[in-house]
Amino acid sequence: MHNTFEHIKKDFPVLKDNTFAYLDTAATSQTPQSVIDAISDYYTNYRASIHRGLYPVAEKATQEYEKARERVAEFIHAGTDEVIFTAGATASSNMLVYALENTFDLQEGDEIVISITEHHASIVPLQEFARRKKLVMKYIPLANNFELDYNKAAELITERTKIVSVMLASNVLGTIHDISKIVALGHKVGAIVISDATAAVGHIPVDVHHLGVDFLYFSGHKICGPTGIGVLYGKKERLNSLYPGFFGGSMIDVVEKDRATWADDISRFEAGTSNIAGVIGLAAAVTYLEDIGGTKAIHSIVADLVEYAMQELKKIEGLTVYVEADVRKNTGIVSFTIDGIHPHDIAQIAGQNNVAIRAGHHCAMPLIEELGLSATARMSLYFYNTKNDVDRLILSLQKAVKTFK
Amino acid sequence: MDEEIYKQNILDHYKHPHNKGIFSPCSIKQDGKNVSCGDSLVLYLNIGNGVVEDVSFEGDGCAISQAAASMLTDKVKGMSVENIKLLTPGDIYTMLGITISPGRTKCALLAYGTLCTAIKNYEKLLDH
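Chain order of the listed sequences is A and B. Numbered per the numbering used here, the first sequence finishes at 446, counting up by one with no gaps. Numbered per the numbering used here, the second sequence finishes at 1182, counting up by one with no gaps.
Check before you lean on any hint, since a few could be wrong.
Result set (DMTMM-like, lysine to aspartate or glutamate): computed pairs, CA atoms no more than 20 Å apart in a straight line [said to hold, decoys possible]:
#1 Lys1087/B to Glu410/A
#2 Lys203/A to Glu149/A
#3 Lys440/A to Asp367/A
#4 Lys446/A to Glu1058/B
#5 Lys1069/B to Glu278/A
#6 Lys101/A to Asp65/A
#7 Lys203/A to Asp122/A
#8 Lys1074/B to Asp1108/B
#9 Lys443/A to Glu1136/B
#10 Lys337/A to Glu358/A
#11 Lys276/A to Glu331/A
#12 Lys50/A to Glu331/A
#13 Lys370/A to Glu188/A
#14 Lys1087/B to Glu411/A
#15 Lys440/A to Asp1066/B
#16 Lys440/A to Glu1058/B
#17 Lys1083/B to Glu1112/B
#18 Lys1083/B to Asp1128/B
#19 Lys446/A to Asp1066/B
#20 Lys1174/B to Glu1136/B
#21 Lys446/A to Asp1128/B
#22 Lys276/A to Asp248/A
#23 Lys179/A to Glu200/A
#24 Lys1069/B to Glu358/A
#25 Lys174/A to Asp219/A
#26 Lys203/A to Glu278/A
#27 Lys179/A to Asp151/A
#28 Lys443/A to Asp1108/B
#29 Lys1074/B to Asp1128/B
#30 Lys276/A to Glu107/A
#31 Lys108/A to Glu149/A
#32 Lys108/A to Asp122/A
#33 Lys57/A to Asp78/A
Honestly, the hints are just simulated from the structure, not real lab data.
Use the sequences and the hints to build the structure in full.
See the structure below:
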């Protein structure tokens, strides 16, 4: 157990180089040694397929895989029969949408309500669903201060609404949305409520039952886990009646020449050989986050950094922030632009100084357009960052302003 | 440290672009976009007797994409369509005079790609 976050960079091989300021966790986080070790342990000592082999290493692999499910379920306060492992948030979203399409007979004109802040991973699968079934997509707009307009949400969610999907936190603005409020509005009209929690899990405490959502998903690689692993949570009552959305081996009961039936447990949503090392690595990441103090402590340290960053950014001439300014409601993201300098050039100059930030639309083009922009520069902070990382970015920004003056 | 890519000539073209503006009517107007970083470009070409008589652009984007548009429009003014068709990405990198990292190729080649599409579309128009 670490008492402070000061020496935390030492846990991350990539961050040992203290000239490297990594401020791009919202794109992907860095990996602590314990996660690398867990993955390596599987490949080195007990690699085997799970749920089948009748030999010791296969049993060990199965045990570790199911133990990982328990760890991850506990982390979001879900049941083990509510956690499906996927290839990432995008895979979760696509599979869920197909499963919903297979389960519910939606009619032309039925409505899907989502927020304007959604990531493409949430928007595009639903948009394609809407195209196939002639459904109507409606967007909850922003209110002032980069929060969602919950009054508008109440107007938009009606008897015609069948699906509501609102991300738990914005990967561009950092805003933590009031999902319980959205759930109440959605459930009042009998809609299914989904939340993309990719920008929130690992940054703030997430309790799926407290939120009340029907489905929620996230990626492992943004919370110190490996790439190519993600989670789809489904409320038990929903999963019980959900038709699968992805088919193949492992998920079946009986396969005949012209039809198949599905396994009666969670495995009916995990077709094919899973990313076993990824699952084990994700569980190690969750264990790591809890060992260093848990998401509440992480959010507190990140909030301090956001506050510091906001104060320091004021030193930069012509800089505008697009951000949830209440640091308690921000997951650690500060998007900004500088007059006369394109975000891509800002990121390039930062990169030349070994400061990693992201520039672009952050896979949220409708939001960027709503903000009247074509791109922003984005710094994203996590518990392994320090004020020194922020200072290095500020120096780069000063350099950019000087270059473009 | 990497070589400085924001050399004075790049910055000059970005801040004071040549051939910037709209003209109409024109022989061909072509939109170009680099969605990954939000650069946009519109090229306007007047072509007579197989030669680019005038060219201009409108655009919004990073210094590399906009400087490349400014420099490329200078380069192709008075050039024959046949010679434009011989231009390669390598010519654009040479023209910019800086090392373009893999992450910036789309920016550097936005104007070039838009010009190639414009010429193709122009030739299609001629065929009809």
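Right, here's what the structure says about each hint:
1. Our distance criterion of 20 Å between C-alpha atoms is met by lysine 1087/B and glutamate 410/A, whose separation comes to about 15 Å.
2. At most 20 Å may separate the alpha-carbon atoms for a hinted pair to count; lysine 203/A and glutamate 149/A meet this at roughly 11 Å.
3. The hinted pair formed by lysine 440/A and aspartate 367/A fails the criterion: a straight-line CA distance of about 28 Å is larger than 20 Å.
4. Only pairs whose Cα atoms come within 20 Å are accepted, and lysine 446/A paired with glutamate 1058/B is accepted, the gap being roughly 16 Å.
5. Proximity of lysine 1069/B to glutamate 278/A is assessed by CA-CA distance (about 60 Å); at most 20 Å being required, the pair is judged violated.
6. Only pairs whose Cα atoms come within 20 Å are accepted, and lysine 101/A paired with aspartate 65/A is rejected, the gap being roughly 36 Å.
7. Taking the CA atoms of lysine 203/A and aspartate 122/A, the gap is near 25 Å; set against the 20 Å cutoff, the hint is violated.
8. Our distance criterion of 20 Å between C-alpha atoms is met by lysine 1074/B and aspartate 1108/B, whose separation comes to about 12 Å.
9. Distance hint between lysine 443/A and glutamate 1136/B is unfulfilled; the C-alpha atoms sit about 42 Å from each other, more than 20 Å.
10. Taking the CA atoms of lysine 337/A and glutamate 358/A, the gap is about 34 Å. The hint is violated against a cut of 20 Å.
11. For a cut-off of 20 Å, the pair hint linking lysine 276/A to glutamate 331/A is broken: about 24 Å separates their Cα positions.
12. With a CA separation close to 16 Å, the supplied pair lysine 50/A and glutamate 331/A stays within the 20 Å bound.
13. Between lysine 370/A and glutamate 188/A the CA atoms are separated by roughly 10 Å; this keeps the pair inside 20 Å, and the hint holds.
14. Between lysine 1087/B and glutamate 411/A, the direct Cα distance comes to roughly 19 Å. Compliance with the 20 Å bound is thereby established for this hinted pair.
15. The straight-line distance between the Cα atoms of lysine 440/A and aspartate 1066/B is roughly 17 Å, inside the 20 Å bound, and the hint therefore holds.
16. At most 20 Å may separate the alpha-carbon atoms for a hinted pair to count; lysine 440/A and glutamate 1058/B meet this at roughly 12 Å.
17. Pair hint lysine 1083/B plus glutamate 1112/B holds up; C-alpha atoms about 11 Å apart against a cutoff of 20 Å.
18. As the CA atoms of lysine 1083/B and aspartate 1128/B are separated by approximately 17 Å, the hinted pair is consistent with the 20 Å bound.
19. Proximity of lysine 446/A to aspartate 1066/B is assessed by CA-CA distance (about 11 Å); at most 20 Å being required, the pair is judged to hold.
20. Taking the CA atoms of lysine 1174/B and glutamate 1136/B, the gap is near 11 Å; set against the 20 Å cutoff, the hint holds.
21. Between lysine 446/A and aspartate 1128/B, the direct Cα distance comes to roughly 24 Å. Violation of the 20 Å bound is thereby established for this hinted pair.
22. Between lysine 276/A and aspartate 248/A, the direct Cα distance comes to roughly 12 Å. Compliance with the 20 Å bound is thereby established for this hinted pair.
23. A C-alpha spacing of about 14 Å is found between lysine 179/A and glutamate 200/A, which places the hinted pair at or below 20 Å, so the restraint holds.
24. The hinted pair formed by lysine 1069/B and glutamate 358/A meets the criterion: a straight-line CA distance of about 18 Å does not exceed 20 Å.
25. Proposed proximity of lysine 174/A and aspartate 219/A is contradicted: the alpha carbons are some 29 Å apart, above 20 Å.
26. Of the pairs offered as hints, the one joining lysine 203/A and glutamate 278/A holds, with about 17 Å between alpha carbons and a cut-off of 20 Å not exceeded.
27. A hinted pair counts as satisfied when its Cα atoms are at most 20 Å apart, and lysine 179/A with aspartate 151/A qualifies at roughly 11 Å.
28. Simply put, lysine 443/A and aspartate 1108/B have alpha-carbon atoms about 35 Å apart, too far for the 20 Å limit, and the pair is violated.
29. With a C-alpha separation of about 11 Å, the suggested pair lysine 1074/B and aspartate 1128/B falls inside the 20 Å cut-off, and the hint holds.
30. Pair hint lysine 276/A plus glutamate 107/A holds up; C-alpha atoms about 19 Å apart against a cutoff of 20 Å.
31. Simply put, lysine 108/A and glutamate 149/A have alpha-carbon atoms about 43 Å apart, too far for the 20 Å limit, and the pair is violated.
32. For the suggested pair lysine 108/A and aspartate 122/A, the alpha carbons sit about 12 Å apart, so the restraint of at most 20 Å is met.
33. The suggested pairing of lysine 57/A with aspartate 78/A holds, with an alpha-carbon distance near 17 Å, which does not exceed 20 Å.
Checked against the numbered hints listed earlier, the structure breaks hints 3, 5, 6, 7, 9, 10, 11, 21, 25, 28, 31; every other hint is satisfied.
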